[in-house]
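J.: Model the full assembly from the supplied sequences, consistent with the hints where possible.
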Amino acid sequence: SRFPTPECRFPIFRNRRFPRPDWRCKSRWNTHKFANEDDEHSDADAYVTIQACIDGCKGFDVFVIATVNDKWCLPESLLRAGRFDKVIPVSYPESEDSAKIIEHYLEKKQLADSIDIEELSRLLENHSCAELETAINDAGIYAAYEGRERIEYEDLKRACIRMLFEGPERERVSRGNAEEKIAYHEAGHVTIVEVLNPGRVNLVTTKDYYGEHGGVVKVHHDSDMYQTNEDIEEGILRDLGGKAAIEVVYGTADVGCSSDIESAFEKVTDMIDETCVRGFGAYIEGYSSEHRRETKDRLVEMEMDRYYREAKRILIEHRGLLEAIHDELMVKKTLTFRDIERIRKAA
2 SRFPTPECRF PIFRNRRFPR PDWRCKSRWN THKFANEDDE HSDADAYVTI QACIDGCKGF
62 DVFVIATVND KWCLPESLLR AGRFDKVIPV SYPESEDSAK IIEHYLEKKQ LADSIDIEEL
122 SRLLENHSCA ELETAINDAG IYAAYEGRER IEYEDLKRAC IRMLFEGPER ERVSRGNAEE
182 KIAYHEAGHV TIVEVLNPGR VNLVTTKDYY GEHGGVVKVH HDSDMYQTNE DIEEGILRDL
242 GGKAAIEVVY GTADVGCSSD IESAFEKVTD MIDETCVRGF GAYIEGYSSE HRRETKDRLV
302 EMEMDRYYRE AKRILIEHRG LLEAIHDELM VKKTLTFRDI ERIRKAA
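Take any residue in the sequence shown, note its place counting from 1, add 1, and you have its number in my numbering.
Incorrect hints may appear among the rest.
Derived lysine-lysine pairs resembling DSS-like cross-links, with alpha carbons at most 30 Å apart [stated by the list, open to error]: (1) K334 <-> K313; (2) K208 <-> K333; (3) K101 <-> K334.
Here are the computed distance ranges between Cβ atoms for each label pair [unchecked claim]: (4) D271 <-> S96: 52 to 60 Å; (5) E97 <-> A348: 45 to 53 Å; (6) G148 <-> P199: 14 to 22 Å; (7) M331 <-> R149: 40 to 48 Å; (8) D298 <-> S259: 15 to 23 Å.
These aren't lab readings, by the way, just hints derived from the structure by calculation. We put the beta carbon where it would ideally sit given N, CA and C, even for glycine.
T.: This is the structure in structure tokens:
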């Protein structure tokens with residue numbers, strides 16, 4: 002073995018025998034770097050070592066606390082009573098918690114103007130504490146690069162958006178009216194959401210970022226989102242809003258929406274097949290008949306056509322909001338939920 006004793010592999014167990022019964026051993030174990038088995042038994046050697054270390058602490062009143070990114074990788078033997086039998090899930094901070102974390106990290110920063118903490122927390126929704134801190138530190142880098150001693154609010158927004166797209170901005174080479182079409186496409190997504198559920202869009206941008214092509218819309222997700230049929234239908238209409246906007250404005254098909262269509266088809270297929278919202282005749286299991294499969298495909302096609310007509314109807318009825326969002330996107334390139342709220346109230 003590469004590790005003559007378990008303690009050599011996990012040094013935190015070396016001094017495990019302490020007279021105090023309330024002594025706790027804390028560690029974060031990243032066992033992936035020790036992986037040497039197949040997918041179903043990954044990291045087996047490391048987990049056996051951990052189990053041996055824990056068993057070696059028996060009788061010494063030692064409590065072992067560990068963190069893991071994916072508990073489903075842990076073998077059942079480590080989750081039995083007396084081992085890691087108490088699991089406490091720690092999720093990403095939600096908006097209110099993110100706001101408090103951002104305020105904490107900003108306390109020691111030199112700021113040039115007032116900061117909209119709620120807007121920043123919405124921009125960085127579903128990101129870890131470390132990512133929140135990184136975004137704020139990046140804002141300081143932007144300010145220093147431009148020779149300023151204080152961080153401005155635009156530095157923070159710029160850093161947040163870079164974090165969202167996992168890459169810096171880049172210049173897009175526009176051809177013909179491509180930029181205008183991108184703005185209408187993204188405005189279509191936003192209009193659908195703001196009509197059905199006002200205030201849910203966190204961000205829309207037509208800027209080009211490494212890792213993302215074209216424009217992007219980020220939507221606020223509640224912890225119970227997609228738990229109702231209405232939520233799923235809103236997601237389908239949102240997916241189809243970009244394509245529908247191009248057809249409403251230009252009267253032509255949108256050829257840059259393959260990922261939107263794929264996402265809409267997946268949602269509709271799940272509704273028809275897995276949740277049977279249109280009846281049980283299209284439910285598919287392992288050995289379902291060809292008739293059932295044809296029925297499912299036909300229902301999915303019919304529902305997609307119906308949702309697409311509905312998306313176009315919403316955009317036609319709210320053409321003013323669609324145009325207002327498009328016009329501001331052409332000027333500002335990026336709109337936050339504060340901008341969209343102002344536009345919606347004025348439209």
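J.: I'd like to know which numbered hints this structure contradicts. Please list them from smallest to largest.
T.: Of the numbered hints given earlier, those the structure breaks are 4, 5, 6 and 7, listed in rising order.
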